[in-house]
Amino acid sequence: MNLLLSQEQRDLRAAVRSFLDGNSRPREGYDPAVYRRLGGELGLSGLIVPEEYGGAGAGYAELAVVLEETGAALLPGPFLATVFATIALTRVPDKELLTAIAEGRLVATVAQPPRDEDVRLEGDRIAGTLGRVLGGMEADVLVVPAASGDEIVMAAVELDDPGVSRTELATLDITRGQAGVRLDGARARVLGPRPREGILDRMCVALAAEQLGVMRAALEAIVAYAKVRAAFGRLIGSYQGVKFKLADMHCQVEQAESIVRYAAWAADESPGELPKAAALAQAYVGRACFEVARDHLLLHGGIGFTWEHDAHLYYKRAKADEVMLGPPRVHRTRLADLLEL
Amino acid sequence: MNLLLSQEQRDLRAAVRSFLDGNSRPREGYDPAVYRRLGGELGLSGLIVPEEYGGAGAGYAELAVVLEETGAALLPGPFLATVFATIALTRVPDKELLTAIAEGRLVATVAQPPRDEDVRLEGDRIAGTLGRVLGGMEADVLVVPAASGDEIVMAAVELDDPGVSRTELATLDITRGQAGVRLDGARARVLGPRPREGILDRMCVALAAEQLGVMRAALEAIVAYAKVRAAFGRLIGSYQGVKFKLADMHCQVEQAESIVRYAAWAADESPGELPKAAALAQAYVGRACFEVARDHLLLHGGIGFTWEHDAHLYYKRAKADEVMLGPPRVHRTRLADLLEL
Amino acid sequence: MTLGAQVNLDEYRAQARRWLEENAPDEVIGVEEAKAFMARLHDAGYSGIGWPGQWGGQGLTQAEERAFAEVARDFRLPTAYFSIGLGMCGPAILDRGTDEQRRRWIRPLLRGEEIWCQLFSEPGAGSDVAAVQTRAVRDGDGWVVGGQKVWTTNAQYATWGLLLARTDVEVPKHKGLTMFAVDMRHPGVTVRPLRDMTGRAHFNEIFFDDVPIPDSDRIGGVNDGWSVAVTTLLHERLSISAGVGMSGQSENPASFEALRKAVDTADPLVRDQLVELYIRSQALHLFNQRLAQETKAGIFPGARGSAAKLLLAELTLFQADLATSLVGPEAVTGDHPLGFALSFAPGMALGGGTNEIMRGIVGDRVLGLPPEPRVDKTVPFKDLKVGTQA
Amino acid sequence: MTLGAQVNLDEYRAQARRWLEENAPDEVIGVEEAKAFMARLHDAGYSGIGWPGQWGGQGLTQAEERAFAEVARDFRLPTAYFSIGLGMCGPAILDRGTDEQRRRWIRPLLRGEEIWCQLFSEPGAGSDVAAVQTRAVRDGDGWVVGGQKVWTTNAQYATWGLLLARTDVEVPKHKGLTMFAVDMRHPGVTVRPLRDMTGRAHFNEIFFDDVPIPDSDRIGGVNDGWSVAVTTLLHERLSISAGVGMSGQSENPASFEALRKAVDTADPLVRDQLVELYIRSQALHLFNQRLAQETKAGIFPGARGSAAKLLLAELTLFQADLATSLVGPEAVTGDHPLGFALSFAPGMALGGGTNEIMRGIVGDRVLGLPPEPRVDKTVPFKDLKVGTQA
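Residue numbers (my numbering), protein chains in the order written: chain A, 1 to 341; chain B, 1001 to 1341; chain C, 2001 to 2390; chain D, 3001 to 3390.
Isolated chain A (complex conformation) (with noise of 0.2 Å):
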């Protein structure tokens, strides 16, 4: 097992992180422009996809690595939606979709309906309704599962089909988009049988790596406050309720980020280990990272409370990641199924 970064690991950490740094501008949205130097400069949008499709080829380990730093950048727009699409693409490869977002031409997304019934397939014609699609309102092709016949495929969709229609969704999170997706005979091309497992433990990796990045820069912004504000004439930093709080909150970091390098590395190089490696991520990380951001807002004080404070943009996040593969309690139901209890 391998928890620790290696020396190339660190230093794709420090491009993005630099990159980021003033290139990530949570509140006005996504953009392009930013999203092609992150794939062109940066080589991000392959970082996964394998080489014989044009990618990098990289790891889990080297995805986590990226998705902490776009976390802690509260990076806007369909990055993850993006991940998640490679995710599923690399189970059911597809040259096209593949080569083009190795090449950041492509936005992707990818959705589960309710029901797999939800949505169906009837020759190359699809319909069903999608409640809740991540980015979809930026992504140019969705992947989702449909019922055709009596098997699950999986197919892609272009979203700018005559046959879909898309509805902006009001989002807690306003650093990231979702739409209302209505598939009506739109044309989709069937990429292959639905994979029996794989895509959903490895969108539990990718997200708990964002979740890390979230909870790591909330902590840093919350110590770096603690450092220079005053009240009672002295920096809070400096009194035990703020400071054994902080540090109960770094032991819940320092916890994290174990589980998450653990849970890359399984998706790497130890599949067998992963089914309970991604759910344990997912139970542990999804409410720790909630439960720093929320108490670093709180110890903001009044300013974290406003809207130009970025505090409530980590809260909020924090809330939508927790919930975005489902409520808590099915990744802590799955733990026990895996764990045989």
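All clues given are correct.
With a cut-off of at most 30 Å between alpha-carbon atoms, the simulated DSSO-like pairs for lysine-lysine come out as follows:
{"id": "1", "chain 1": "D", "residue 1": "Lys3385", "chain 2": "C", "residue 2": "Lys2377"}
{"id": "2", "chain 1": "B", "residue 1": "Lys1227", "chain 2": "D", "residue 2": "Lys3385"}
{"id": "3", "chain 1": "C", "residue 1": "Lys2175", "chain 2": "C", "residue 2": "Lys2382"}
{"id": "4", "chain 1": "C", "residue 1": "Lys2175", "chain 2": "A", "residue 2": "Lys227"}
Everything labelled a hint here was simulated from the structure, so no lab data went into it.
Based on these hints, arrange chains B, C and D on the given structure of chain A.
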């Protein structure tokens, strides 16, 4: 709803508190002489025995006041056991036993076998095994539900009957003994059919009152210590790390007291609310009592870990009480049922 | 209380109910209508019930005041506009103002003719109110004020503001403050809505740019403002803790009663989480009931009310967090009411004293623990660390 | 590390395993047998592996030391008797002793001939170790000691004790301490077992009644004892945090693996509580693994180890509490192992620094937060509030 103590109840509290101060020696076990004075001078043995059987006919509000004090003083011996038996006997009134209890002549206890059919009555002979009987070594009489033909009755067994064998059990809470009791054709007297409900609820309320006393006294002990113990040149109570935790513990005690007063009021005045109030009392107060006792021990530092210091007596009593009427989840599940969730 | 008094009180209640049934508005109303309603309320004898008659109150007792408040809970009275004046500024003027000030301000306040706001908090002085930096400087016979206040409720409607300002920086922070009433309509006063994390503006920021105040509008002595502020905050705390028991839980989509209808309790884990919420809600509800019964019986809750405030802040966050976790992705999209509840929830822990301040009050004043060593009580204000250090 | 070194290390491991298979005891053994084993261990080259050869160590590197420790985990080595000497006193003597002291004490320590104990904590100086009141007073060429120590492991077996004593009360508390080695067999030393809340005696109290110490047994300078203590405590913290990952969870009846066998997981609430325990256990386990991998890679965990210690203390209490609640009444009667686990659990939060001390270290040294204002660094010791105030 009345959540306040009357002047009479405050006087009762003061009398019991003043008596127990000096007469409750938790490490020295059951002292019949102390119990005689509790029953005689203070009239506590017959407190909730109806007046027609020679008792004071008081309500659960008064009983709660007394049990809070016996809990706070960690009164050793079978006081709570006799209270439990009295509660059962007020639901299947028996003149002989109630009179003897009211006169302070009888130590009694009550036990529930794991399954109703585990204790069987044939004619006037009773058989079965009870793994853990509170005050089982000290009690003169055991009240127990028993299967008699098709029905369940409440039976009374004299514990010095040759058909009874008792084994003293080691207990985590050294202030209060338990015994394994084997009934092997001992003579038993039927008191009446087992009441449908009401006994366990009232035991829950009684126990919660004791737990309130335990947590109140634990908090008082650590607050007092925090005012005299210095570390790094300051009294430890001046550190927010200690002070804030004590404030949270105070909040728990305030809420626990409110719930106990409410549950006792419901037992006296509003039987329809009693089941929910009783389950709430065990679900909240049981947990809060252990948490306060635990934190009071920890905040004492090293001295709290020694056998000579009383902190561990509170900690262990709190845990023994928490599970006495079943693990916490039993009360939570009951509450869910009663709330029709 | 004698039996006779009780009978009279029941009659008083019945009369109040009749009046409210005829006069209380059916719906939420605007500020001008609300002012008109307050005038009628005062004419009917129900505004300032326990306030002294000579300044415009009704001269009755706390018993009638409470009796009316109980009855009024069943109606939608437009009292929010006047709550700061009635709950804090008015009582402070009664306590610490001159007779001339009482005469000038109390009756218009009770009749809704003049709305008040409270101007204590600043960006650099939240928990630490005594660290305010807004300056009032002597100018001839009067004063001139410059600085910024924040978290001000009702400032957009206010005629008057109760202003805590620094009048001496050479002395320790508590000793260089003075309290004033400031004319909110003066052109040097700018009121700007403050958008909070819900995206709405529940509060305002106020900027003072050379705003003159006559010395006759000073409340209490020069450099004695802290003691006036303490009196005022005491009234605030009382009105918060009195409100705790009845705070609109029924309208909170994250409350137990609302949530039980919104989630599927067939899942045992969901069911147990609802039980947890029920337990915590009831524990606090019963504590508030007990405090209310004590108050009614003449036992003043004092600092114990801070425990109730702390618990309410924790419950508010707990339930919003729990509810969104139970409901899942739906709760964070499409302007779901639980999304708003989650955004609004931290406000309870930040307004009226943070959880840390409340824990300190409980520790110091309820448990009598030794105080934190203070560095800010002796240093001249100009040498003190205040607000956010560059 | 080069490939060659790796091959050598594998060979080293294999040899160690062979030796241990032949020589390690099969069962728990008494102190005399344990001492004999230590001598054989030393002869075989496995005691003091990374310690300098000139004082009796084996003169190898940390790599071999760790390799042996990994292999040794599979055996029951009787090292508990010697752990204080090996983990704290020996390293402190190597760091701060004179050559004469190293010559005198290190080899007998490594060969198990002399057992050491550590004499820092006192009833009035637990978290605040520098507040020790045990006095060492000049007496001719040497010193005479009087006072009391507590929480001393292995004192009943010890030949030597590493003693922190006060030698000057006129200066602030950190500046008047001196470190000594004290002869535990002197008649003025009384060792009394200290019964803890489990009912057993895992520790001792020590009383010093005019115990003489020659000046040659002073370790470090006069009044420089605090810096020696800090060195020693650093070694303690390292050996605790190194042990964290492998602490015998498998033998704890409240651990996840033990508990899953003991409870009925058909109840979904029980099942979810076990999941919670699994999550917390794994979170800490993986953090410890990460710290261990960092250490192996030459990244010194430093104060971050205090976070691991804090988390271990919390987990230990959490799981003992959870396990007893899940098992119910059975767990608290009849000497149930979970009853003992619950009684022993607070020890982890109290020994080796309380949770408060750990949080302070994490806050100050890991997060770099501003320090608590200190009142105890400048006041002469004799004027300082120490221990429990009458």
